[in-house]
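S.K.: Here are the chains, one letter per residue:
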Amino acid sequence: MRQERNNIFAGIDWLLVLLYIILVGFGWLNIYAASSTDESREVFTFSSQYGKQLIFIGLSVPVIILILFFNSKFYEQFSSVFYILSLVLLAGVLVLGKKINGATSWYNFGGIGLQPSEFSKAFTALALAKLMSDRQYNLKLFKNQIKAFIVIFLPAFFITLQPDMGSVLIYFAFFFVLNREGLTLAYILFGVISIVLFLLTIYFGAKWILIICLSILTLGILYGYYKNKRFIRFNAIKIISLYLFTSVFVFGIGYTYDNILEPHQKDRFDILLGKTTDLKNKGYNTYQSELTISSGGFLGKGFLQGDRTQGKFVPEQETDYIYSTVGEEWGFAGSSLVIILFILLLYRIIYLAETHTNKFGRIYGYGIASIIFFHVIVNIGMVIGLLPTIGIPLPFFSYGGSSLWGFTILLFIFIRLDAHKKYDW
Amino acid sequence: MKRSFLLIFLISLVGIIYIGRLFQLQIIRGGNQNPIQGSTVKIEYDYPERGYIYDRNGKLLVANQLSYDVMIIPKEVEPLDTLEFCNLLKITKEDLKKRFKKAEKYARWLPSKFLKQLAKEDFAYLQEKLPKYKGFYIQKRIIRNYPIKSAANVVGFIAEVNEQKAKTNDYYEQGELIGKLGVEKQYENALRGIKGKKIFKRNNLNKITGSFKNGEYDTLAVAGQDLTLTIDTELQQYGELLMRGKRGGIVALEPKTGEILALVTAPSYDPNLLVGRKRSPNSVKLFEDNITKPTFDRALKAQYAPGSPFKIINGLIGLEENVIDENFGVKCYRGYRYGNRKSAFMGCHCDIVGRPIRLKTAISKSCNSYFATTYRKIIDKYENSTIGANKWSEHAKSFGLGNYLGYDLPEGQKGRIPNGEYYNKVYPKFRWGATHTISNAIGQGEVETTPIQLANMTAAIANRGYFYTPHIIKEIDHKPISDSTYTTKRNTTINPKHFSVAIDAMHEVFKTGTAKWFQMKDIDMCGKTGTVENFIRVDGVKKQLEDHSIFIAFAPKEDPKIAMAIFVENGGYGSTIAAPITSLMIEKYLTGKTKRKHIEERMINLSLQKEYDKLIQKKDTLETGTK
Numbered sequence: 001m002r003q004e005r006n007n008i009f010a011g012i013d014w015l016l017v018l019l020y021i022i023l024v025g026f027g028w029l030n031i032y033a034a035s036s037t038d039e040s041r042e043v044f045t046f047s048s049q050y051g052k053q054l055i056f057i058g059l060s061v062p063v064i065i066l067i068l069f070f071n072s073k074f075y076e077q078f079s080s081v082f083y084i085l086s087l088v089l090l091a092g093v094l095v096l097g098k099k100i101n102g103a104t105s106w107y108n109f110g111g112i113g114l115q116p117s118e119f120s121k122a123f124t125a126l127a128l129a130k131l132m133s134d135r136q137y138n139l140k141l142f143k144n145q146i147k148a149f150i151v152i153f154l155p156a157f158f159i160t161l162q163p164d165m166g167s168v169l170i171y172f173a174f175f176f177v178l179n180r181e182g183l184t185l186a187y188i189l190f191g192v193i194s195i196v197l198f199l200l201t202i203y204f205g206a207k208w209i210l211i212i213c214l215s216i217l218t219l220g221i222l223y224g225y226y227k228n229k230r231f232i233r234f235n236a237i238k239i240i241s242l243y244l245f246t247s248v249f250v251f252g253i254g255y256t257y258d259n260i261l262e263p264h265q266k267d268r269f270d271i272l273l274g275k276t277t278d279l280k281n282k283g284y285n286t287y288q289s290e291l292t293i294s295s296g297g298f299l300g301k302g303f304l305q306g307d308r309t310q311g312k313f314v315p316e317q318e319t320d321y322i323y324s325t326v327g328e329e330w331g332f333a334g335s336s337l338v339i340i341l342f343i344l345l346l347y348r349i350i351y352l353a354e355t356h357t358n359k360f361g362r363i364y365g366y367g368i369a370s371i372i373f374f375h376v377i378v379n380i381g382m383v384i385g386l387l388p389t390i391g392i393p394l395p396f397f398s399y400g401g402s403s404l405w406g407f408t409i410l411l412f413i414f415i416r417l418d419a420h421k422k423y424d425w
Numbered sequence: 001m002k003r004s005f006l007l008i009f010l011i012s013l014v015g016i017i018y019i020g021r022l023f024q025l026q027i028i029r030g031g032n033q034n035p036i037q038g039s040t041v042k043i044e045y046d047y048p049e050r051g052y053i054y055d056r057n058g059k060l061l062v063a064n065q066l067s068y069d070v071m072i073i074p075k076e077v078e079p080l081d082t083l084e085f086c087n088l089l090k091i092t093k094e095d096l097k098k099r100f101k102k103a104e105k106y107a108r109w110l111p112s113k114f115l116k117q118l119a120k121e122d123f124a125y126l127q128e129k130l131p132k133y134k135g136f137y138i139q140k141r142i143i144r145n146y147p148i149k150s151a152a153n154v155v156g157f158i159a160e161v162n163e164q165k166a167k168t169n170d171y172y173e174q175g176e177l178i179g180k181l182g183v184e185k186q187y188e189n190a191l192r193g194i195k196g197k198k199i200f201k202r203n204n205l206n207k208i209t210g211s212f213k214n215g216e217y218d219t220l221a222v223a224g225q226d227l228t229l230t231i232d233t234e235l236q237q238y239g240e241l242l243m244r245g246k247r248g249g250i251v252a253l254e255p256k257t258g259e260i261l262a263l264v265t266a267p268s269y270d271p272n273l274l275v276g277r278k279r280s281p282n283s284v285k286l287f288e289d290n291i292t293k294p295t296f297d298r299a300l301k302a303q304y305a306p307g308s309p310f311k312i313i314n315g316l317i318g319l320e321e322n323v324i325d326e327n328f329g330v331k332c333y334r335g336y337r338y339g340n341r342k343s344a345f346m347g348c349h350c351d352i353v354g355r356p357i358r359l360k361t362a363i364s365k366s367c368n369s370y371f372a373t374t375y376r377k378i379i380d381k382y383e384n385s386t387i388g389a390n391k392w393s394e395h396a397k398s399f400g401l402g403n404y405l406g407y408d409l410p411e412g413q414k415g416r417i418p419n420g421e422y423y424n425k426v427y428p429k430f431r432w433g434a435t436h437t438i439s440n441a442i443g444q445g446e447v448e449t450t451p452i453q454l455a456n457m458t459a460a461i462a463n464r465g466y467f468y469t470p471h472i473i474k475e476i477d478h479k480p481i482s483d484s485t486y487t488t489k490r491n492t493t494i495n496p497k498h499f500s501v502a503i504d505a506m507h508e509v510f511k512t513g514t515a516k517w518f519q520m521k522d523i524d525m526c527g528k529t530g531t532v533e534n535f536i537r538v539d540g541v542k543k544q545l546e547d548h549s550i551f552i553a554f555a556p557k558e559d560p561k562i563a564m565a566i567f568v569e570n571g572g573y574g575s576t577i578a579a580p581i582t583s584l585m586i587e588k589y590l591t592g593k594t595k596r597k598h599i600e601e602r603m604i605n606l607s608l609q610k611e612y613d614k615l616i617q618k619k620d621t622l623e624t625g626t627k
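Chains as they are written, first to last, in this note's numbering: chain A, 1 to 425; chain B, 1 to 627.
Extracted from the complex, chain A is given alone in its bound form (with noise of 0.2 Å):
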């Protein structure tokens, strides 16, 4: 105990730090030509983009060396104040915030942005772990599944207020926390199943999905029906209320893709599912993207020398698209290395989370893999023109100092968690 208090170093898993300092700094060269043209060069310049993520990176290190100094304890004992503290700045951007691009997700402090959402993540899953670890809790019981999807869904909805849809989807990440501490799988399977129904429905109408879910479970019931003859007597409730269930789902998802949602949210999923190909306009930054990864060949055109990158052709490419970047500059060797690098991390951290013996530090360090993985899916997704466009950053790559803290300080508490479980007993 004493030596871990005079060396904050002390036991930190240093295959996570490396993997941390290789996506920032990798992710800083990718921003960097994405944002300097050929007559600016200069690296310190801090009116630039690519300067100020500099800063941000430079400051992310007082950070890490702050959250290294608290002991594990701190977090422990301390969620619920940062969770709360949390829900009070989601709350408060409603009111003090800044309106940008129709969404009220930044404070602004004398031109320095901050964004709230960046961060309520990490201290949720600090809150989901605390509430979990509780050796009473038991998941099976319907009462405490309701408490964890308190902790989950109420910053995701003052989020909704913004209103940021992609940083809402992130919370859904939650559910593989909750599967591995022992909830039933039906949560998940029955997501999948509605979103597949959801993407069927909107691309081939209500009305062909509706008569063939009810044909699939008409041939299920008869199947019972054959097996046992008693089968429909006993289920009968259950099976009206399954025909009930899904002719309601799948009208329903007709209605709100005809009636409730924005014609730009409608737009994205019919350009993904191919229903329109208007490439100039709604399409313009996923087709713009495809091309620029696709035109980097192998080893990509080389550093600075990807000219639809300098020619600045896909928008937001500093950001949410910064992963074209990677595609057209280092080619497919370089974005396939970037995935297996994030595939390395999330393996990482699941691993050390099950060697965790404390309850509390495993639900964090998987809440964070979750966190981490959804937000890879959703953006890289995007890029690659496989999801539809979604609005949320590659952690540790794109540029803006919110996003890049939240993730710093995500990582890090788990590498502060990990340091101190040999002496957690």
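None of these hints come from the bench; they were simulated from the model.
The reader is advised that the hints may include incorrect statements.
Claimed, not checked - Straight-line alpha carbon distances no greater than 27 Å define the calculated DSS-like cross-link-like pairs of lysine-lysine that follow: (1) A/K312 with B/K425; (2) B/K256 with A/K301; (3) B/K201 with A/K312; (4) A/K312 with A/K99; (5) B/K285 with B/K149; (6) B/K113 with B/K140; (7) B/K134 with B/K105; (8) B/K134 with B/K98; (9) A/K301 with B/K201; (10) B/K197 with A/K301; (11) B/K75 with A/K312; (12) A/K312 with B/K213; (13) B/K185 with B/K201; (14) B/K474 with B/K489; (15) B/K278 with B/K120; (16) A/K312 with B/K197; (17) A/K359 with A/K143; (18) B/K198 with A/K301; (19) A/K266 with B/K105; (20) B/K489 with B/K256; (21) B/K377 with B/K397; (22) B/K256 with B/K474; (23) B/K59 with B/K165; (24) B/K425 with B/K391; (25) A/K312 with B/K105; (26) B/K140 with B/K75.
Said to hold, decoys possible - Derived CB-CB ranges, DEER-like: (27) A/V63 with B/K97: 55 to 63 Å; (28) A/K229 with B/I27: 51 to 59 Å; (29) B/N87 with A/P315: 54 to 62 Å; (30) A/N108 with B/L6: 35 to 43 Å; (31) B/R3 with A/K227: 26 to 34 Å; (32) B/G20 with A/D258: 28 to 36 Å; (33) B/Q24 with A/I21: 27 to 35 Å; (34) B/A166 with A/F172: 42 to 50 Å; (35) B/G20 with A/F149: 34 to 42 Å; (36) A/I112 with B/Q127: 50 to 58 Å; (37) B/F9 with A/F9: 28 to 36 Å; (38) B/G215 with A/Y351: 48 to 56 Å; (39) A/P315 with B/S482: 55 to 63 Å; (40) B/I27 with A/F172: 28 to 36 Å.
Note that this is a predicted model, so its numbers are computed, not measured.
Using N, Cα and C, we set each Cβ at its ideal position, and we do this for glycine too.
Fit chain B to the supplied structure of chain A, relying on the hints for placement.
M.R.: Just chain B now, with coordinates in the frame of chain A:
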């Protein structure tokens, strides 16, 4: 660890899917990508001057001229004194606003045409004044110029390439010019040359940031090639003059080479109408005129029954198939009965009653009975009429009839020479014979030809059994053509020895027959008149209209230098309009002048407009009658 399996599995799965997608994008798609397409470049083109077009005597038909457009880049336009500016460009204020909006709608930062093709006198003035208006400048363009106001159908025209073509073709870009009709279209590649390319890197604001890969992909322009056509401008213009007030087509060929000497369609238009500022209203007028159809090339595309001239072919086939000989005689009793029903009778105007008529007389007097007899003999020679009709059809097709001739102009019609299979489809259960198709004997019925096919047929007769594929091109880049399509002799299936009697008979037409009024002492002309009945169907009722007038001819008899076919819509008997025009054109071509001023004058001034007006009225009244 077991419970973490789901997340680990999903992470691995997504990793594999995403790397797979990257492989698809970067290796598969990226590998096939054109390096220029995958980059952001601006391509600047250097357009070579389009080739000139000359006639066979070196007379200039199509040349180039400079044209000046006022261009606009809406983003750069600064507030200006509209009144002064409107006066300068000679446009109204509303027009100015409209044009500005249009340019803005197209693209704010890209140049677009503000005012097309300035008059030359305006240009000099504007060049001085315009620089003071930001966002406007003058661009030089090369457009076509036609020193001779004729042969519009032959030379065609150029216009902006259509959107579809610009997208699918890898040479043309939006807004570039392309040959649209006639020689301009057919020989587009030779005329246009190849544009040069300079490729620049640019950014998303369209700003050029340097040369792309140090000019590795840049190319130099290749100049367009001049063309020399086979057209004789004098003859062409004379033909157009004679066809004034009439509708129809004339084709004149040089039998020894297949060169097209004249290709007249009437009514026609001045090719200069499709150049310059008035281009678009004029083209609407010309292309949407459904009554006179000035852009419809009747010489190539008017497809009608050939009428009596086709009898010569039937006679020749009869000789070749050995079902008749020169001395074979047929007695005609003012017509030919081919069945027991009262209607099964084909009338005849040969006026030789009860005496045997031989082939030569039959052709020169155009005896229907004789050819009906011959046709029956040909079809019935074989075990069934399908084989007979096929044999007959093959012979006729060897004269270049019944299919595209293969000439070097982009428009045409196949015409029709039916064969056995054709009739087997029309008549169920193969129940047909020579009598069902007897109209073919006199060039009516199912047989259809175009004027250029008839002219080619005449050339084949004049040559006694062969022809060269008609063509309009004589030299490319001042070097004679070597395309084997136009230099290979094509033989008919008829033995050359059989042609003498046909040629003698055609000579007789000018001596004593239907064209005797138009013979000349010093030129031995050979010809054959034709009169084609034509019907229109209104409300399902067949109405007969004034006959079409047809004439084929060649001269001189022994050493043919010109072979012609002419067709005049609703021109009445072949001998009233078609024959004299042909005779005059032959004289003009062979002697360079015309002596018979009275015929010439009568032909030039003869207008069939009244006849055509009747046609419209007839349709109108009948159409309104049904309502």
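S.K.: Compare the structure with the hints numbered earlier in the document and write down the numbers of the violated ones, lowest to highest.
M.R.: Violated hints (numbers, rising): 1, 2, 13, 23, 29; every other hint is consistent with the structure.
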